[in-house]
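Asker: Each chain is listed here by its residues.
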Amino acid sequence: MDLFLQTLLNGLLQSGIYALVASGLALSVGVVGIVNFAHGEFLMIGAFLAWAASASLGLDPLLSLPVVALAVFGVGALTYRVSIRHVLLAPELNQMLLTFGLGILLQNLALMLLGGNTRTVSTPYQASSLQLGELTVGGPKAVAFAFAVALLAGLYFVLYRTTLGRQMRAVAQNRRGAQLIGINVDRVYLLAFAASCGLAAVAGVLVSVLLFASPTVGLVFALKAFAIIVMAGLGNLTGVLWASVLLGVSEALVQTYVPGGGGWSDAVFFLMIFGTLVLRSFRGSR
Amino acid sequence: MSDSRQPNVSQAGQHRAGQELVIEHLAAGYGKVQVLWDVNVRVGPGEFVAMIGANGAGKTTTLRAVSGVVKPTGGHIRLGGHDITRAAPSEVVALGLGHVPEGRELFAMMSVRENLELGAAMRPAARAAQQHTLEQVYTLFPRLQERSKQLAGTLSGGEQQMVAVGRALMGLPSVLVVDEPSLGLSPLMTQTVFEALKAVNAEGVSVLLVEQNVGLSLRLAHRAYVLENGQVVKEGTGEALLADPGVRAAYLAL
Numbered sequence: 001m002d003l004f005l006q007t008l009l010n011g012l013l014q015s016g017i018y019a020l021v022a023s024g025l026a027l028s029v030g031v032v033g034i035v036n037f038a039h040g041e042f043l044m045i046g047a048f049l050a051w052a053a054s055a056s057l058g059l060d061p062l063l064s065l066p067v068v069a070l071a072v073f074g075v076g077a078l079t080y081r082v083s084i085r086h087v088l089l090a091p092e093l094n095q096m097l098l099t100f101g102l103g104i105l106l107q108n109l110a111l112m113l114l115g116g117n118t119r120t121v122s123t124p125y126q127a128s129s130l131q132l133g134e135l136t137v138g139g140p141k142a143v144a145f146a147f148a149v150a151l152l153a154g155l156y157f158v159l160y161r162t163t164l165g166r167q168m169r170a171v172a173q174n175r176r177g178a179q180l181i182g183i184n185v186d187r188v189y190l191l192a193f194a195a196s197c198g199l200a201a202v203a204g205v206l207v208s209v210l211l212f213a214s215p216t217v218g219l220v221f222a223l224k225a226f227a228i229i230v231m232a233g234l235g236n237l238t239g240v241l242w243a244s245v246l247l248g249v250s251e252a253l254v255q256t257y258v259p260g261g262g263g264w265s266d267a268v269f270f271l272m273i274f275g276t277l278v279l280r281s282f283r284g285s286r
Numbered sequence: 001m002s003d004s005r006q007p008n009v010s011q012a013g014q015h016r017a018g019q020e021l022v023i024e025h026l027a028a029g030y031g032k033v034q035v036l037w038d039v040n041v042r043v044g045p046g047e048f049v050a051m052i053g054a055n056g057a058g059k060t061t062t063l064r065a066v067s068g069v070v071k072p073t074g075g076h077i078r079l080g081g082h083d084i085t086r087a088a089p090s091e092v093v094a095l096g097l098g099h100v101p102e103g104r105e106l107f108a109m110m111s112v113r114e115n116l117e118l119g120a121a122m123r124p125a126a127r128a129a130q131q132h133t134l135e136q137v138y139t140l141f142p143r144l145q146e147r148s149k150q151l152a153g154t155l156s157g158g159e160q161q162m163v164a165v166g167r168a169l170m171g172l173p174s175v176l177v178v179d180e181p182s183l184g185l186s187p188l189m190t191q192t193v194f195e196a197l198k199a200v201n202a203e204g205v206s207v208l209l210v211e212q213n214v215g216l217s218l219r220l221a222h223r224a225y226v227l228e229n230g231q232v233v234k235e236g237t238g239e240a241l242l243a244d245p246g247v248r249a250a251y252l253a254l
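Chains A and B, in that order, are what the protein sequence lines are. Position one of the first sequence corresponds to residue 1 (this note's numbering), numbered consecutively onward. Position one of the second sequence corresponds to residue 1 (this note's numbering), numbered consecutively onward.
Just so you know, not all the hints are guaranteed correct.
Said to hold, decoys possible - The following label-pair restraints were derived from C-beta to C-beta distances:
(1) B:G31 to A:E92: 10 to 20 Å
(2) B:L252 to A:G101: 16 to 26 Å
(3) A:G260 to B:S148: 53 to 63 Å
Simulated from the structure, these hints should not be mistaken for laboratory data. These numbers were taken from a predicted model, which means no experiment stands behind them. The beta-carbon is built from N, C-alpha and C at its ideal position, and this holds for glycine as well.
Build the full structure now, drawing on both the sequences and the hints.
Answerer: This is how it looks when you write it as structure tokens:
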């Protein structure tokens, strides 16, 4: 029984970071209408910035987090202005090629500048752990989860309780309608895309604490984020939360109960995309 | 009879200064397809003007050009004293235009109330008066108050049309353009929506109405224009056009 509860807890903790990455992606897909294949690379930038701040200034990643978030928010805004904005009306294939190319560009820039090694960050709470009755939680995991929850709470507060958030949801639900009531759609796109990149970077900072920074560290998180937003329904911002928990917990269950589960758990999200698409097609055909 | 067709701006406290909307030699289209060739329309302050014409005559495109969604290739559009020919939709709304679009274009996953409140969100003056305007809209459409918490996407077509009109009114427009409000509505519902437009106009708001329901709109409007193939081919008072043999034959099947 304890093992089962421990597994559920591990899954829940993992889902915090998934939700962070996926909610950013959901913003760019849902609000801007751009499937950003470079999303994982913005995560990677965040991870490297946190590593750099830690290695050169001795700054704890969680302290550099606000600065990293702002910096990558700026990079995202610039990316929107320079590239994304010009393909909004282009065919989807062109949009995908653009963001895919952007991802490759960023990945290889990182490889050129920093090499392919993984860079780890050391923190004082690295080896610590929390004891909750019979359950144990690693220090970095607990800290990352707490940050993820706080950031998500902030994001959903903005989306559902502020004028800007309402504008974003309005644009996501009906572009034409939003335009005609006077919402500056271009400005909303810019802010949503920049916020999407900022969220990825914040997740990257947490990943640098949990794992490491490397040029390809974002890939697997981006893929899982895609699985999550497919499960949630494209553009469904609240669905992202439960889909993240579902993925995190399923992975943890596979890790614990499937023999050789460590290897299989990374296949779970493929299965989930597959399952969702099959289910949707049945529902659609009726 | 003719009295009821005069602009009525006298109701104390309700008066909103309607602005003038002038469309001169407007040309516009989509890509290489030119839809409008030479459209000239004037809506005086507080006036109710209808624009009628067959499918594809360019009625919707004219309204979209006014809103800034379609960029004109020629001509001029003025709202009050401002040239809005090349203005962005958000700028046009800021200057006092309200647009009730074809197909309503509501925020389907938001409640009726949220839809209405968003209508006021983009103009500081409208935001300040939001509570008061909301009550006015609820008075105009009591049904919306009953449904205020319901998601807009789950409403009937007529109720959605009420939300679309209400949402535009929440922005305190001085000129309201309305695109095919009767589309897909029952005759009774059409009557309700048209009554509401008449009441809005009576408060001083200038109205430009595009309709396929020619009889009803000509009876309601002070003046009307007939659009054919992207050009204005006839204009006159509603009465005069109702009596016009050409209009009767082409649009009223009489």
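Asker: Does each hint fit the structure? Answer for all of them.
Answerer: Results of checking the hints against the structure:
no.	hint	verdict
1	B:G31 to A:E92: 10 to 20 Å	holds, 19 Å
2	B:L252 to A:G101: 16 to 26 Å	violated, 58 Å
3	A:G260 to B:S148: 53 to 63 Å	holds, 56 Å
Hint compliance for this structure: hint 2 alone is broken.
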